[in-house]
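Given the coordinates of chain A, assemble chain B onto it according to the supplied hints.
There are 2 protein chains.
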Amino acid sequence: MLILQTVEELKEWVHETKKAGQTIGIVPTMGFLHEGHLSLVEKAKEENDKVVMSIFVNPAQFGPNEDFDRYPRNLVRDQQLAKKVGTDVIFAPSVDEMYPRDSSIKLTAGTLAHVLCGAKRPGHFDGVLKVVTKLFHLTEANRAYFGQKDAQQLAIIESLVADFNFSISIRRGQTVREQDGLAKSSRNVYLSDVERNEALHLKKALEIGKTLFLKKQDPVEPMISYLTEHTSGKIDYIELLGYPSLTKTIQNDVILALAVQFEKARLIDNLIFNPKEN
Amino acid sequence: MLILQTVEELKEWVHETKKAGQTIGIVPTMGFLHEGHLSLVEKAKEENDKVVMSIFVNPAQFGPNEDFDRYPRNLVRDQQLAKKVGTDVIFAPSVDEMYPRDSSIKLTAGTLAHVLCGAKRPGHFDGVLKVVTKLFHLTEANRAYFGQKDAQQLAIIESLVADFNFSISIRRGQTVREQDGLAKSSRNVYLSDVERNEALHLKKALEIGKTLFLKKQDPVEPMISYLTEHTSGKIDYIELLGYPSLTKTIQNDVILALAVQFEKARLIDNLIFNPKEN
Numbered sequence: 001m002l003i004l005q006t007v008e009e010l011k012e013w014v015h016e017t018k019k020a021g022q023t024i025g026i027v028p029t030m031g032f033l034h035e036g037h038l039s040l041v042e043k044a045k046e047e048n049d050k051v052v053m054s055i056f057v058n059p060a061q062f063g064p065n066e067d068f069d070r071y072p073r074n075l076v077r078d079q080q081l082a083k084k085v086g087t088d089v090i091f092a093p094s095v096d097e098m099y100p101r102d103s104s105i106k107l108t109a110g111t112l113a114h115v116l117c118g119a120k121r122p123g124h125f126d127g128v129l130k131v132v133t134k135l136f137h138l139t140e141a142n143r144a145y146f147g148q149k150d151a152q153q154l155a156i157i158e159s160l161v162a163d164f165n166f167s168i169s170i171r172r173g174q175t176v177r178e179q180d181g182l183a184k185s186s187r188n189v190y191l192s193d194v195e196r197n198e199a200l201h202l203k204k205a206l207e208i209g210k211t212l213f214l215k216k217q218d219p220v221e222p223m224i225s226y227l228t229e230h231t232s233g234k235i236d237y238i239e240l241l242g243y244p245s246l247t248k249t250i251q252n253d254v255i256l257a258l259a260v261q262f263e264k265a266r267l268i269d270n271l272i273f274n275p276k277e278n
Numbered sequence: 001m002l003i004l005q006t007v008e009e010l011k012e013w014v015h016e017t018k019k020a021g022q023t024i025g026i027v028p029t030m031g032f033l034h035e036g037h038l039s040l041v042e043k044a045k046e047e048n049d050k051v052v053m054s055i056f057v058n059p060a061q062f063g064p065n066e067d068f069d070r071y072p073r074n075l076v077r078d079q080q081l082a083k084k085v086g087t088d089v090i091f092a093p094s095v096d097e098m099y100p101r102d103s104s105i106k107l108t109a110g111t112l113a114h115v116l117c118g119a120k121r122p123g124h125f126d127g128v129l130k131v132v133t134k135l136f137h138l139t140e141a142n143r144a145y146f147g148q149k150d151a152q153q154l155a156i157i158e159s160l161v162a163d164f165n166f167s168i169s170i171r172r173g174q175t176v177r178e179q180d181g182l183a184k185s186s187r188n189v190y191l192s193d194v195e196r197n198e199a200l201h202l203k204k205a206l207e208i209g210k211t212l213f214l215k216k217q218d219p220v221e222p223m224i225s226y227l228t229e230h231t232s233g234k235i236d237y238i239e240l241l242g243y244p245s246l247t248k249t250i251q252n253d254v255i256l257a258l259a260v261q262f263e264k265a266r267l268i269d270n271l272i273f274n275p276k277e278n
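Sequences listed follow chains A and B, in order. Residues in the first sequence are numbered from 1 upward in steps of one, following UniProt numbering. Residues in the second sequence are numbered from 1 upward in steps of one, following UniProt numbering.
Keep in mind that a hint or two might mislead.
Copies of one chain are not kept apart here, so a pair can be met inside one copy or by any two copies together.
[As the list claims (entries may be wrong)] The calculated DSSO-like cross-link candidates involving lysine-lysine, where the alpha carbons are at most 27 Å apart (straight line), are:
no., residue 1, residue 2
1, Lys203, Lys18
2, Lys18, Lys45
3, Lys43, Lys248
4, Lys204, Lys264
For the record, the hints were derived by calculation from the structure and aren't laboratory data.
Pulled out of the complex, with its shape left as it was, chain A reads as follows:
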């Protein structure tokens, strides 16, 4: 497994790989890998000749009062895990390597970022668009892999690719969960033991909400009651929208999503389903 830290090294590898007629899959991550990331690599392995995983805690997608500095990092462990699942290249650049200068030109997510996490984290998805665009261009990847746990991110990136004609295919990965249902997340390490036990109720609340919605009942109030009763976390939002349009207009799939702020970790989770098929 190659570990590349500079744009020049990556471009050279991409050039050689393309020249050899091989396809490339990219799995963009912020590191501190868990099984969610690794399942994306496994999917990418099946569909591409070579798999690049980027590991970059992207400052552009953190707000001034968010957890950029204390976001968990462990590159040594990440390398071992990435190697074990057959990653061909890790691209782990420095911030200066990715952002050598300020850019006057901006990508903004617009109304797609006015709901769910975007409403609570102004500028977050603009930062995601920036880094993802750069990674797509640098790797010239045929396919890119994103988990459905970050459902709004996935929807926004799908829109980016469609609206700006990127020649990359976006592949969705299922959310990977702990045995008790908690969605895997790098931020789970910041839960206290008590909070960790409470956190299994996020998925349960979503299941309750889904069942109510399918019976044409309001899911939100009962979910608030349930979460308030079973966790000490503060509910950031509970929303039900069309997916991936992220609008109130529901055509096929819907997303039922929530965010709960615990003491040191803000957790998100969601269910995406087609009401007609349930």
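Same frame as chain A, but now just chain B:
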């Protein structure tokens, strides 16, 4: 010469061309071709196996009170001219083909668009960035060709490519001029006979300004006097900036640029030069 009108046709051609290991140069235009465009094709022919010219009057870069509807168009004549200089493919899509739906995601030029034409045409360069990004992705071109007459556009596109790591090389084409010095422009057809004679003084004013600047004298006031005396047009701006930074900080090259509004045509012109080499 192929004439393609849909994104799907273009993508198929690009796929086949890339598979054959051939390089692609793109010359983005709004049609109504003149020798400036054709010189870009000739340059592109020298440096690439295949040359695509796009012909698309891009509504996204016209303001509500600008000349989108009456922008000159003549696809039949354009095809003849493009063929004569060896263009391999014309891509001439409809507006619906390029913009099948509204996009929530926007590219904005920022401070680079707060000077020169950008200050007078809000949103213009955002629209340029949008169409150029789409064309770069669709053609997967190795090189793209832009004329220095649209110097601010060129600087902004160079910044786009650098800051977002596009794998495309931007190539600058010299401004092509009429015998009397008037810069070739599709909009020149809208000049009256009197205005056409006056318009040669734009280049002369720039030369006067450059000479003064090199003598460390203010170029702007004398240029205003000269243009007021020799043309009936209204001066939109005269500016001197670093290039391609488009800031007041001059490091190497400078741009001396002007815009003059005639009755039915707004003309722009500029000189880019390195004061240390003059």
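Hints, verified against the model:
no., hint, verdict
1, Lys203 with Lys18, "neither (42 Å within a copy, 46 Å between copies)"
2, Lys18 with Lys45, "both (16 Å within a copy, 24 Å between copies)"
3, Lys43 with Lys248, "neither (32 Å within a copy, 51 Å between copies)"
4, Lys204 with Lys264, "within (22 Å within a copy, 67 Å between copies)"
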